[in-house]
Structure formats: structure tokens, C-alpha cells
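> Quick mapping for you: the protein sequence lines, in order, are chains B and G. Residues in the first sequence are numbered consecutively from 1, following the numbering used here. Residues in the second sequence are numbered consecutively from 1, following the numbering used here.
Residues from chain B that face chain G, not an exhaustive set, calculated with beta carbons under 10 Å:
no.	residue
1	F347
2	L351
3	E365
4	D366
5	A369
6	S372
7	L373
8	T380
9	T383
10	P480
11	I482
Simulated coverage check for chain G against chain B, where a stretch passes if three residues somewhere in it have a Cβ under 8 Å from a Cβ of chain B:
no.	segment
12	84-93
13	99-106
14	119-133
15	146-159
16	162-174
Read the hints as simulated data drawn from the structure, not as lab findings. By construction, the Cβ of each residue, glycine as well, lies at the ideal position given by its N, Cα and C atoms.
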Amino acid sequence: MAVTTLPAQRTLDVPAVLKECGLAAFVAFALAAPMVGLETLPLTGGLGINTRFGAVAYAAVLVFFGRLGFALLRAGYPVPVLIASLVFAAVLISLLLTGADQILPFKSLILNWFIALLAVVITVRAAWALHRPTAEMAARERENVMDRVGIAVLRGARWLGPLAIAVAIALPFLPFADRRFLDLAILVMTYVMLGWGLNIVVGLAGLLDLGYVAFYAVGAYSFALLALHFDLGFWVSLPLAGLMAAGAGVLLGFPVLRLRGDYLAIVTLGFGEMIRIILVNWYSFTNGPDGLSGIPRPSFFGFPFTRRPAEGTMSFHQLFDVDFASIQRIIFLYYVILVLALVTNMFTLRLRKLPLGRAWEALREDEVACRSLGINPTNTKLTAFGIGAMFAGIAGSFFATRQGFISPESFTFIESAIILSIVVLGGMGSQIGVVVAAILLIGMPEWFRELGQFRMLAFGAGMVLIMIWRPRGLLAHRDPTIRLNRDGDFEAPG
Amino acid sequence: MSADATTVTAGDAALLRVEHLTIRFGGLIAVDDLSFAAQDREITALIGPNGAGKTTVFNCLTGFYKPSVGRFVLNLADGPRYLERMEGFDIARAGVARTFQNIRLFTGMSVLENLLAAQHNKLMRASFFALAGLLNLRSYRRAEAEAVELARYWLDRIGLSDRADINAGNLPYGDQRRLEIARAMCIEPVLLCLDEPAAGLNVRESAELNALLAYIRDEHRIALLLIEHDMSVVMEISDHVVVLDYGKQISAGSPAEVRKDPAVIRAYLGEEEDAELPPIIEKDLGEGS
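With the hints as constraints, model all of the structure from the sequences given.
Okay, structure coming up:
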């Protein structure tokens, strides 16, 4: 195997293939034995252990044959792979459809469907190899395919964007949109907004900010304290909280934006933690770890969502003369966050085409060159930091009013990490990428709740897969913000 | 020292006067009491062997280092500016543009965007710090159209108009060099500083570069300050040459004078007195005349 095998030649080095498959199966076994094989059970008076070695063996066997399938495909034997994977997929899917899947070693429905999906993928690849014997898709070629998808999505943004907005507007009235679904949609939308806000800082200006949640916290606490102490309404507190978060961003940015790259990341990480620790310890101001409760709910421009409004006021359902239903408030919240997120998006899209946005991107590319062109790096970075922080603050106020209760627990480092993951996985600077990544990263773990304690494992596996297949993010493709030649042709990748 | 004094007095009306510039890094004296002037509508070349301190002078002039002693006087219509007291980006705003020895384009942005980023300050004022731009007011749209026109003018000059929308990083090396010059010109400078613009160019590209630099001098009537190793470029287009060795000025004058100066020949070819020029160098130096 020293010489690269030509695809047309049939060379099957049996010991090497068996060694490769055995190794893959061994790794799977070593990983699965402790994580899947042993389960702790709460017993009366202690912990018990439940062993599931059948499932471990099943996993190792699956990995062995899966790897064998890929090895045979590579060596130019698509037919046996096609037949075997087709039979396996057919059996598995029929078992799942007839509800007889309880005889399988894995009891989880999602997991079994996932295995069936993998079998289908191998089948398709085998069929593809049969169809075009030389078409073992090189990694580079696959990258190009995904690049073209990225370009197509960007090109399609003209109709894809309005379509997505239309779907988002219609969402609460779709038949399957129950309370739980809408709560999830609000959560996803909050992260979309945070992702769009952070995209200004990380994606456009190229400043790695690991403490973005600090501004989210500043916004949430500003909103809560303004509402509780000064009795300001939702629509007054919201912009004020945004401004205060922007002020915090500028205040932090002033000393630290001289730093670059890793150093900036560490300082912002520290700042994120500092804010949280201040919130915990400044008891007289923030109520410490007990948090702030009784934050007023948003009203429909002065008409509250209550069954019985206070004397002399009118509530939402009376205003529109409909029956009271608690879902009305949820739907309203959903629309509020939708509008806030869309404003963030439009603001960013517009700024990208303005000199300020171009200076951000130029700064990301080369700070020394920017300086030599008369761009003040510190001020330009400060605006990016401040505007990014402002949107985080507004999202934070929304969070506060939706929950009605905030405590420092909600603003831990993991939140910063998730928001940053959304931006990076979506493809830095890509607005649609943020939406896709937010749905995947926030929505998927909710759908995977069935996996119980393995939920976050699936999350991690998904991130690893995306990083293998799309190291630059799902939809990473940048189009010029302005064109000289109006032919609209996209340059060939590469 | 008398040579220095005459240079300074002769350059009183010059656009840029470098006066008694000394740059020390710890114990190392990189530039030692250097004085020269760059005249309007002239190409001044700064030459010297490797490590003579040429790029250090440039970095100091454009604000990346501060001089230990000495000053830079930029004579503008509304009074002199003392560059050594200013931040790098303020020096650029005063009208000193530069290019870099290793090209520094915004490689991930399109060619046109590179040229618009150079007009940042003008457009920021026109867009009222992005406010007018956000509202898409007509005043901003007109300013942007003008900026695109200036970019188009320079793209036509360097022959990149049809490739204006591709990423700058995807251009061939020679085009990147010329794009960097065009980008520097887009800040509408009074002084353009070029750090080895001919490095890595082939003969044809080098000739195109000469034509471009001469065009900038003659049509845009600005001063050019040039660091160069390529003698054919220096001798052909320079109006005034300053020769540095070990941070000291060893000669100055027209290309023809400098070429004959024994001190220069010594610096380039070694210490041996009365050394004959090897034919290849003779040819190189002679190409300009």
C-alpha cells in the first residue's frame, strides 16, 4: 500500500483491511465499554451497576462492518458493500417501522434511526461508486461541493431570506406549534440574535471574544433593575439596557483592544467571569446568588397579558375581544424576539456595506495595513465591540422579561462558548449560517432529550463531524459587499 | 557633516525634510544622524546594502517606531506637520501613504473593497459615522459613487478593472504589488513611500512599474520616496538618490553622480580601493543613463 491505489485497479490487501477494521472496532469498544457498558442505578441505600455488554458488542460489530464497507469501497469492490448495506438498512428500517425494534440491542429510537441512516449513506456511496467507478470523492472535491452549496445558499439568500422570514412569521399558527415548541423557538431565536450580535465582533472585526455572555448579563440585569426600581416599562427599559451593555462593551474595550488574538481572548474570558462574580457578590445591588425575581412581563404596548387586569386598565384579550389564553403571551414574546433578531440582522447587513463595516473586515485581514491607510484601529474595534455588546444587552433584556427571574447562574462561561460555537460552526461572518447553526446546536439537543445523559455526547459528536467536514464552518463563503462589474458572476472556487 | 547641512538648507521648501534622524534599538544604532529631503514631483530613492537601515527609516516615518533623535517635517499648504509626534493612522491622514516590503493587502476582500477601505476616512465623514449610510441618504450614495469612481480610475491605470470583484489574495504576485500601490494612492497622498516595489517582479513587470511610478509623479504631482534594491528601477526613474550604509548617509545626488561616487562603490563592492566594477554591475548601474 506504499503506492497510492488507482481506483480502477482492484487491490485488496486483506490483512491490512482487517487490521484497519479491527482497530476501528477496538477504539469503538474502548470508548463504549465504560460509557455504554456500565450504567449506574440508584438503589435503596446506594448505587448499583447495570451492565449492558450486549450493546457494547453490537456497537463494536457495527463499527467493524461499517469500516469494512468503506475499505472495500476504496479498494474497488462496491457490489458486496451495496448488497450488504442495502439488506442491513432494509431489515433495520422494517424493524423500526413495524415497531419490532425492541429486539435490537439499542433501545433508543433516535439512535436506531441514526444507524439506519448511516447504512443508507453507505448504500448510496456504494451505488455511486458502481455508477462511476473512478469517483472516489476526494476530500478536496467534497470541500468544493460544500463550497458550492455555500455559494448557492448565499445566492439564494434573495429568496431564501424572505422565505425563512415568512416561515418564521407563520410559525406560531402552524398546527404542531404547541407551547413547548414555541418555547423552544423563542430559545433558538434568542441564540440567533446573540449569534448575529457576536458575528459583528468575531465574524466581521475578527476579535475573538470569549466573554460575550458578560454583555448579555449586563443587559439582563440593567433591564431587571431599571424595571424593578424605576418602574420603567418594557419598551423604555429595552433600549436603555442595550445602551448600558454597549457602554460596558466600550468600557472593557478601551483598555483591552490593544491586545491581539489569544491575549484578547483570554482577557475577554476573564471579563466574562468577572461580571458573573460581581453579580454573585454584590449582594446589596444584584441580590447575589438569590437572583432578581418579579421582573415585569412585557405588555402589548401597555395592555398586559392577564386574565383580570388591574382596575381601570385593559388587558390584551379584552382589547381584541378574544378569549384569554396563556399562549397569547408566548406568541407575543416570540414575535418580539423575532423582530429584535431581524433588526440585528438588517443592521449588520447594512453596516457591512458601509465604510465602518469595511473597516472592520479590513482590520480582521491586516491591522498594520489599516493603520497605514489612516484607519484608527482602536476606535474601529471599539465600535464593533460596542455594537456587538448592545445587541447582547437587548437580547439579555428579552431574556430577563421572558424568564421573570434572573440569577448569575444563567450567565456562565458555557453560554459564551455556545454562542461562539454557533458563529464558528455557521461559518464566520455568514448570517444564514448562524441561523442554521443555532437550530442545530440549540434545537438538536432538545430533540435528543430522549438520549438522556448521552445528549451532550451526541452534541459533541455532531460538532466534531462538522469540524471534519467543514473546518471553515457550514456556510462559509464571503461575497464582495460592492461590485464594479455588474455581471454578478461568482468567481470559480480556488 | 557639511554635505548634510547643504542638503538640509537646499531642502527648505521640500515637501518632506528628514532632519538628523537617529534610531537606536538598545545599543544598536540602526540609523545615525540621517538628513535628507524629498521634493514635490520628484522620485527620491533610498538605497543601500542589506541591513543599511532603509526600512527602519520608513517604519519610523510612517509611525511604527519613534525616532531616538531628529524629526520629520512635512510641509503642507496649511503649515508644517511634525510626523514623529503623530500616531501611524494620523500620519496617513496627513497624506503619507506607504506600501510594504512583503505585500499587505486585505487578501480576503475583493480588489474594489481594498481600494474603498483606503478611502475610509473620507467615506466615514460622508456617511456621518455610518448614520447617513444606515439611512441611505443621497449625500452618502453620492460620496460612495465618487469613491468607486476613484477606485475605477486606479484600476484602469493598473489594468485590473475586469478583475475588480475577485479576492485580492487570488491575484498574481505582480498585480498584488501594483494593487498595493493603487490602494496607497486612493488615500490621495502628498507623499507616497514605496518599500521595494520591484522585489520579485520580472523584467516586464518591472518596466510597467517604472511607467506607473513616473505617471504618478508627472500626473499627480506628488513626491515619491522609494527604497529599492533593483538598480535598473533606481537609476532609470529616480530624480534624487540617497545612499545609506550602516545607518549613515554616505552619498546623495543625482543617479549619475551617485553611480560614480567611490564611497558608494566601496559600500556595494567591499573595501578594496580602486576596485574595478565587475561588468555585470557596470551594466546594471549603467542601464539608467
